[in-house]
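Enquirer: So you can see what is in the structure, the chains are spelled out below.
There are 2 protein chains.
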Amino acid sequence: MGKQSIPDVVIRRLPIYLRVLENLSEDFYGNVISSFKLGEKSGVSPAQVRKDLSIIGSFGKQGLGYEIAVLRDELKRILNLDKEIKVGIIGVGNLGHAIARYITQKYATEKDFHLKLVALFDSDPEVLGELINGVPIDLIDTFHAKALELGFRMVVIAVPAEEAQAVMDKCAAAGIEAVLNFAPIHLKAPKEIRVHNTDLSIDLMHLAYYL
Amino acid sequence: MGKQSIPDVVIRRLPIYLRVLENLSEDFYGNVISSFKLGEKSGVSPAQVRKDLSIIGSFGKQGLGYEIAVLRDELKRILNLDKEIKVGIIGVGNLGHAIARYITQKYATEKDFHLKLVALFDSDPEVLGELINGVPIDLIDTFHAKALELGFRMVVIAVPAEEAQAVMDKCAAAGIEAVLNFAPIHLKAPKEIRVHNTDLSIDLMHLAYYL
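Read top to bottom, the protein sequences are chains A and B.
Take the first sequence: its position 81, counted from the start at 1, is 81 in this note's numbering, and no numbers get skipped.
Take the second sequence: its position 133, counted from the start at 1, is 133 in this note's numbering, and no numbers get skipped.
Incorrect hints may appear among the rest.
It does not matter which identical chain is meant; a pair holds if it fits inside one copy or across any two.
Unchecked claim - Pairs of lysine-lysine, BS3-like flavour, derived with a Cα cap of 30 Å:
#, residue 1, residue 2
1, Lys191, Lys61
2, Lys146, Lys61
3, Lys188, Lys37
4, Lys191, Lys111
5, Lys51, Lys146
6, Lys111, Lys51
7, Lys86, Lys37
8, Lys170, Lys106
9, Lys106, Lys61
10, Lys191, Lys37
11, Lys37, Lys170
12, Lys116, Lys86
13, Lys37, Lys146
14, Lys170, Lys51
15, Lys41, Lys170
16, Lys83, Lys170
17, Lys116, Lys61
18, Lys61, Lys86
19, Lys170, Lys61
20, Lys41, Lys191
21, Lys146, Lys170
These aren't lab readings, by the way, just hints derived from the structure by calculation.
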């Protein structure tokens, strides 16, 4: 099946399956995992696991399950995680700092984490040159040049709401292809850029409904 | 329509609409907003806006739109945001710190932000008593007693994966009703607890598919 035809809700679950596989002790499970076990550890029903994996073309062996190494490699390939992916962060306040530390620490400590932080940007000249786990903070004015020089195409936006659209416009101009937006605002972007939003206030307000 | 019968995908969009309404300049828009304008600012189609709002029982006036103040109050009531909601955070590393600062700053500066951080917990005795914007860090051992004393029912989990299930079990024992989990692991919880997961690695791996 072509990449374009995998539904996004299925894509969303693939990294969850991948993480489960990467954290397995292979000694314990042998070299196969059942859809039941994979589902249990992923928070997904076994039927959904089988359906998702058949969509990407992976089929378990009747009564045995999925070969762990094969499935892991296949998931990585589909998610483009069989190669290193460079990431930049724009906005290095509290949140940007926390994200930068998280990515760099995961990259340094987990052999299967393929996202590498290569650049940090902020509008405040006072933090220029400061390092976060070895990655220097550049001024946002240099974003376009740095994106081309370093070759990253994925960006995390962690600036205040009122600065976020201008930052998104810079991303569009520099050929960025994927954006994870933490700014609490809906951003307009050309359709060539895939934008996902993650928003703590919205998450909390959503949960409040269930109190 | 009873609360139980509103689909979660609709509930998810209500805080987004609410945020748009709270950020509107009423002078500019008068006291009504069209489904087109509300949709544009929310990143949702006008038809979806009308459908969502009709599900919660709010109907715009033909050719005019929705009364802003009425709709805002209605959304707050449905989301339980017409009263203050107390929140606790478990795990005060980089991420927990950033979340704590975010919630306290938003609460202090935005009149319509109803989530109040009342407690912080960590397993490290070294940070005991430290304050984040006035909220002290307690030892996780005191969680049960503090939850009852302070009366919070919503918790953010920001501990490492290997500690998260034990923390969730403490939440269940203390009668917590809603959990936002940042730990990169699927947690088992009794069905009385609503658990939402938010996971930076999964978000980034998901986006990598689109590069």
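Enquirer: Which numbered hints does this structure break?
Expert: 1, 2, 4, 5, 7, 9, 13, 14, 17, 18 and 19
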